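**Q** Chains as they are written, first to last, in numbering that gives the first Met the number 0: chain A, 0 to 143; chain B, 0 to 359; chain C, 0 to 363; chain D, 0 to 151.
Rather than coming from a laboratory, the hints here were simulated on the basis of the structure.
One thing to keep in mind: the hints can contain errors.
[To be verified] A few chain C residues facing chain A, derived, Cβ under 10 Å: (1) M0; (2) T4; (3) P59; (4) G121; (5) G144.
[Unchecked claim] Derived pair list, reagent style PhoX-like, types lysine-lysine, alpha-carbon separation capped at 20 Å: (6) C:K47 to D:K146; (7) D:K143 to C:K318; (8) C:K287 to A:K100; (9) A:K3 to C:K181; (10) A:K19 to C:K181; (11) A:K100 to A:K64; (12) C:K318 to C:K82.
Bear in mind that the values here come from a model prediction, so they are computed numbers and not experimental data.
Note that CB positions come from ideal geometry on N, CA and C, so glycine has one too.
Residue strings, one per chain:
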Amino acid sequence: MLGKSLLTGMAVTLRELFRKNVTEEYPEVQPELGDRFRGGRLDLVVSKCIACGLCMNNCPNGSIKLKTVKDENNKRQLDSYIHNTGLCLFCNLCVEVCPTKCLVWSKEFAYAGYSRDALVFDCMALDRERIHREEQSQTTEEKG
Amino acid sequence: MNTNQDILLTIAATLRSFLDPLLGNPDVVDVTMYGVALAAILGIIFGNAVILVWAERKVAGYMQSRPGPNRVGPIGLLQTVADTIKLITKEDIRPKGVDRWVWFLAPVVLFVPTLAAYAVFPFSEGLIAVDLNIGLFYFLAVASTVTIPFLMAGWSSNNKYSLIGGMRSVAQMVSYEIPLVFSLIGVVMLVGSLKMSSIVEAQSGIWFIFLQPVAFLIYVIAATAETNRTPFDLVEGESEIVAGPMTEYSGMKWSLFFLAEYANLFAVSAIATTVFLGGWQPPPMPAVMRDAVAFIPGWIWFAAKTYFMIFLFMWFRWTFPRFRVDQLMSFGWKVLLPLALANILVTGVGIYAYRIAIGG
Amino acid sequence: MQTQTFELNMGPQHPATHGVLRVVLELDGEIVVKATPVIGYLHRGIEKICENRTYVQSIPFTDRMDYLSGMNNNLAICQTIEKLMALEIPERAEYIRVITAELNRIASHMITIGVLALDLGGWTGMVYCFRDRERILDLFNSLCGARMTFNYIRVGGVGWDLPEGWLDECRRFLKDLPEMLKTYEDLISGNEILQMRLKGVAPLSAERAIAMSASGAVLRASGVDYDVRKANPYGIYDRFDFEVPLGTSGDNWDRFYLRYLEIIQSARIIEQALEQIPEGPVMAKVPKMIKPPVGEVYHHVENPRGDLGFYLVSDGSPKPYRWHARRPAMINLQLLDELSRGTFIADVVATLGTLDPVLGEVDC
Amino acid sequence: MAISLLEKYSVDEVFAPFQEVVQVEGEGVSQAVVVPKEKLVTIMEHLAQNFSLDYLSDLTAVDRGEKGFEVVYNLFSISKKFELCVKTLTSQSEAEVPTVIPVWPGADWMEREVYDLMGVTFAGHPNMTRLLLPEEFEGHPLRKTFKLQSRA
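The shape of chain A in the complex, shown without the other chains (with noise of 0.2 Å):
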């Protein structure tokens, strides 16, 4: 019967009409991520790093630029480490290949920016602000 199908339609909409929503309210709401999660940028442990350069090497893409230098002990020594998230293909290649395991994702995801440029992430430089966030917060703890 003509007809009939188009009120089984209206009956699932109108169900949905009263039915509690699924959207996430993104700003206020962060979506949960996960442990898993690759997507944000590289958070590089400096002092962990041995600067082998395998990351770079494995980089399906080429998002990944160190460059080393060698220091009194003969020994590599990281210079600097670039990622490129615009480049990234966020396979997990870098992060696993890791022998120190000194590569993880941030959760840090919103970073667009209005040029390129706003995708490129020195992560030394990184590394640097999360320690002195994390002395700062020590030293405000011992005070209090």
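Keeping the supplied structure of chain A fixed, place chains B, C and D upon it in accordance with the hints.
**A** Coordinates of chains B, C and D only, in the frame set by chain A:
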């Protein structure tokens, strides 16, 4: 006159008694009062458009398990205002190669019949801008000219999508105008008048939706097609012809189309309310309750019924997929039209039989 | 009366071309005389890129081909490399592969159904499909941290073991699936307007479908029993009991409804896999640097869009000498012209929706 | 499970009329039959008709450097579940093989893609134009002589 005087009528009467000594000549007062009525109708159209755009988005949102606009103003009520500001401040782009005057006039021309149709809506007892004795006929005549601006827009845009849309609008609106008119004829036969107020008053006993259910169904379907809403939104046909005649319009010109769409939606709903749902009269109920709700003015009932009809149209829109152009035409001509004609026949026979029964 | 046909450019920017497909339509009024698809707007040269990458590095690029079914693409490339290396992979990994690939198939078909509803003007159906698909994407997110570009299936197994409670979550999804399908049936596939729009439009004969190398639901809608999972079982698909739904006339309706039926079969496979899944490792012993022996291999799997094949040529070095993908969506898209002729513009949109190309894969 | 056509029948059986021109190359998963391009269409018709290899799974080409271009056809039989890989060679300077559209019309876009990316023309193809790249593009990117530009 009604014992509980309608507040709007009181305002009108006060205004008139205030103007009378001021202007002296009763004709001048009449003209001034028409001006006031026109302003009121414009206010209704714009106010309604703001509410309806918001309501449509809310209804769509809730039907799609999302909240709809909820950022600007309380529960998103000011969203349309914000959008309007955006549309007004947008650059007015005139694409190269458009037929300048026709293209410019199309949205304006579209707005005129829409506005004119509002003159005959009986919002409440006595609350009608012009109670023409051919009110319904006037509405149909005026509303049917809506086709022309769509064709103008489609033809003048110098865009093939617009052209297809314009052609579709002519085919569709002409085809569905006929069942629309025929569905109303049954009611006119019952009332014996085209006057809006008489049609409403004739329903004080029983609403015509109960006497003319088939006509109501045909009217709703044809009206959906007339207002270009899903499942008959072939003129716009988003996924096929981008936006049909509106493809090349932007900014304020586009929003006039948008405004007219919602004004039309209100118009067809108001006519449905007037003709089938008893207009400004409260729903049929026992006499005790009738007295209890007597304080509610007629235009509240009218608005409530009209908004129910609008919700129905929105409900259709957010449930159904779209027809194809050939199916649309064959449905209109092969199903709706014969059905409407049969309805007229049955109504005629019914009226005749009723007269015999009464007479005998 | 003398009439003239005219040309209409549908796309590359058009609401219903599934990305950046351009179709040059020659129209006689509303009737299509000729439809020429013009592709390549999303061509990134993935084949060339992957020939300059190692085997492992080429896996994330396959995610970006058919981005609605990344798991199946990962599966295809990994199995091709494993076939070339003659590598055995652990049981548990095989089961995880099947579960994720079939979940991905369900997600992809949900999009196909929903987007077709949208192309026919039914907005709400699309939203419901996307809403339900979100459940699968959440499952994938907890599994591998990505929602669409997974890079989860790896050479030798899978990247991560299942997190705690994942299988239960998966079972819960399967429990809710019939209700979701009921909703689609009520709102989308049961709708008479939609059936009117699709039934009998753009039929494709079985012979023609085979001759045109069509695959997936497009081929099966014409009644050809060709599902790679059955015809040439890969992985452990021969252990599962499932049916290959077939159409009869190969019209738009068959192509559309087949996807609906395939969701049910995929759910059956997942249910069986969830029962049988053993404990154990999820990764075989694979050398750090993968260097397959000299040789070449063609391997195909059943992608939601059809028969996805990879042709790899190895010269013994860490990089593939030739990396070629047989993309089902591209080959199916060839049919658009002959299927659209004589139908209406509105049908072109529907036909395109049932052929279901993903432009990332068409253009590669 | 699909098996290679050559597991079921011997090469002599399959290619009886063309024995002297057909060669079997590689083994295991790499096994393929190399046919001369002059006989390509005849042999393909023979395979399609007599061994029901009715389905052209894949058509691609490999740049073998000095040896020229190798055009690879992966065939499948939907009814009998055979598979077979057929190859043909064309020299670098000529880079032309006959089209198989008369046998499998579905080869249309696959051949155009090979022409576009590898620069092998298919004689007899009704519309031998670029498929993915723009008309004005110079060169054929999948050739080994075409070097990827490093990112600036």
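**Q** Could you run down the list of hints and mark each one as holding or not?
**A** Results of checking the hints against the structure:
1. The beta carbon of M0 (chain C) is not positioned within 10 Å of any beta carbon in chain A (closest approach about 35 Å), and the interface hint is therefore violated.
2. Below 10 Å, beta-carbon pairs count as interface contacts, and T4 (chain C) has none with chain A, the closest being about 35 Å; its hint is therefore violated.
3. Look at P59 (chain C): its Cβ gets to within about 4 Å of chain A, closer than 10 Å, so that hint holds up.
4. With a least beta-carbon distance of about 9 Å to chain A, the hint placing G121 (chain C) at the interface is held under the 10 Å criterion.
5. Against a cut-off of 10 Å between C-beta atoms, the interface hint on G144 (chain C) holds, since the closest Cβ of chain A lies about 4 Å away.
6. Using a Cα cut-off of 20 Å, the hinted pair K47 (chain C) and K146 (chain D) holds, with the two alpha carbons roughly 9 Å apart.
7. Under the criterion of a C-alpha separation no larger than 20 Å, the hint pairing K143 (chain D) with K318 (chain C) is consistent with the structure, at around 13 Å.
8. Of the supplied pair hints, the one linking K287 (chain C) and K100 (chain A) holds, its CA atoms being roughly 17 Å apart against a limit of 20 Å.
9. This hinted pair checks out: K3 (chain A) and K181 (chain C) have alpha carbons roughly 16 Å apart, not beyond 20 Å.
10. Between K19 (chain A) and K181 (chain C) the alpha-carbon distance is near 19 Å, which keeps this suggested pair within the 20 Å criterion.
11. Between K100 (chain A) and K64 (chain A), the direct Cα distance comes to roughly 18 Å. Compliance with the 20 Å bound is thereby established for this hinted pair.
12. For the suggested pair K318 (chain C) and K82 (chain C), the alpha carbons sit about 16 Å apart, so the restraint of at most 20 Å is met.
In terms of the numbered hints stated before, the structure departs from hints 1 and 2, listed from lowest to highest.
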